[in-house]
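Assemble the complex: chain A is given as a structure, and chain B must be docked to it using the hints.
Chains A and B, in that order, give the protein sequences. If you read the first sequence in this note's numbering, its first letter stands for residue 1, the second for the next number, and so on. If you read the second sequence in this note's numbering, its first letter stands for residue 1, the second for the next number, and so on.
Don't read these hints as lab results, they were simulated from the structure. Just so you know, not all the hints are guaranteed correct.
Unchecked claim - No more than 25 Å apart at the CA atoms, straight line, and that leaves these computed lysine-lysine pairs for BS3-like: (1) A:3 x A:105; (2) A:3 x B:68; (3) A:38 x A:16; (4) A:70 x A:105; (5) A:70 x A:16; (6) B:24 x A:38; (7) A:113 x A:38; (8) A:105 x B:24; (9) B:68 x B:24; (10) A:105 x B:68; (11) A:16 x A:113.
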Amino acid sequence: AQKVTQAQTEISVVEKEDVTLDCVYETRDTTYYLFWYKQPPSGELVFLIRRNSFDEQNEISGRYSWNFQKSTSSFNFTITASQVVDSAVYFCALSEAWNSGGYQKVTFGTGTKLQVIP
Amino acid sequence: DAGVIQSPRHEVTEMGQEVTLRCKPISGHDYLFWYRQTMMRGLELLIYFNNNVPIDDSGMPEDRFSAKMPNASFSTLKIQPSEPRDSAVYFCASSYETPGLGVETQYFGPGTRLLVL
Numbered sequence: 001a002q003k004v005t006q007a008q009t010e011i012s013v014v015e016k017e018d019v020t021l022d023c024v025y026e027t028r029d030t031t032y033y034l035f036w037y038k039q040p041p042s043g044e045l046v047f048l049i050r051r052n053s054f055d056e057q058n059e060i061s062g063r064y065s066w067n068f069q070k071s072t073s074s075f076n077f078t079i080t081a082s083q084v085v086d087s088a089v090y091f092c093a094l095s096e097a098w099n100s101g102g103y104q105k106v107t108f109g110t111g112t113k114l115q116v117i118p
Numbered sequence: 001d002a003g004v005i006q007s008p009r010h011e012v013t014e015m016g017q018e019v020t021l022r023c024k025p026i027s028g029h030d031y032l033f034w035y036r037q038t039m040m041r042g043l044e045l046l047i048y049f050n051n052n053v054p055i056d057d058s059g060m061p062e063d064r065f066s067a068k069m070p071n072a073s074f075s076t077l078k079i080q081p082s083e084p085r086d087s088a089v090y091f092c093a094s095s096y097e098t099p100g101l102g103v104e105t106q107y108f109g110p111g112t113r114l115l116v117l
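Isolated chain A, as found in the complex (with noise of 0.2 Å):
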């Protein structure tokens, strides 16, 4: 059985700082697929990124960095020099990948709310 473990339930953060959210998953697939997703206080959800399992290379997208470790089957998210407009739920999710592309049966974590205060 898949499992995504947000351990972090709640982060709080000065502006500017730098924050990491965690990620740990458990899975028997040799082939899956990684996410970030961001919900704001407004409700809306946003796409962030999706990792294939083979991939390990780190991703950076201007202020936000993901740390993808098989190792330690990790996935963790990070926010430099973080912004007001950063505060929100975090949700990492996993799910299985075929070999013909797709993905089903996704797994998402508990989501991790980040606070920024000004």
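Just chain B now, with coordinates in the frame of chain A:
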């Protein structure tokens, strides 16, 4: 593009009634997803389509739920009969995958807030 459009934005119905949620994906996107979010169960992927074909419906909770995508620009999620435990926010999303790069970008609609009394 107007983004992913969902209707209605809010729905209040009584237990036993049929509920139909609608979604119009972004033009050119070949994937469409239905998600559900509740306090008790968190976020769940219910079903997704690729080129109008359902690919994975393992998240559909039971036979009362059905989803269709008759064409590339429209999808419905139907609950019949509805029950109070179906109360949730239902999100639709559409995505495309950059050819050759395997990079996916999903765009979400604003959600439909469903309350079943």
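Hint check results:
1. Using a Cα cut-off of 25 Å, the hinted pair residue 3 (chain A) and residue 105 (chain A) holds, with the two alpha carbons roughly 11 Å apart.
2. Among the hinted pairs, residue 3 (chain A) with residue 68 (chain B) is inconsistent with the structure: their alpha-carbon atoms are about 29 Å apart, more than 25 Å.
3. Distance hint between residue 38 (chain A) and residue 16 (chain A) is fulfilled; the C-alpha atoms sit about 19 Å from each other, no more than 25 Å.
4. The suggested pairing of residue 70 (chain A) with residue 105 (chain A) holds, with an alpha-carbon distance near 20 Å, which does not exceed 25 Å.
5. Taking the CA atoms of residue 70 (chain A) and residue 16 (chain A), the gap is near 29 Å; set against the 25 Å cutoff, the hint is violated.
6. The suggested pairing of residue 24 (chain B) with residue 38 (chain A) holds, with an alpha-carbon distance near 22 Å, which does not exceed 25 Å.
7. A C-alpha spacing of about 10 Å is found between residue 113 (chain A) and residue 38 (chain A), which places the hinted pair at or below 25 Å, so the restraint holds.
8. Only pairs whose Cα atoms come within 25 Å are accepted, and residue 105 (chain A) paired with residue 24 (chain B) is accepted, the gap being roughly 24 Å.
9. Proposed proximity of residue 68 (chain B) and residue 24 (chain B) is supported: the alpha carbons are some 12 Å apart, at most 25 Å.
10. About 19 Å separates the Cα atoms of residue 105 (chain A) and residue 68 (chain B), which keeps this hinted pair within 25 Å; it holds.
11. For a cut-off of 25 Å, the pair hint linking residue 16 (chain A) to residue 113 (chain A) stands: about 17 Å separates their Cα positions.
Figure legend: structure checked against the earlier numbered hints; hints not met, in rising order: 2 and 5.
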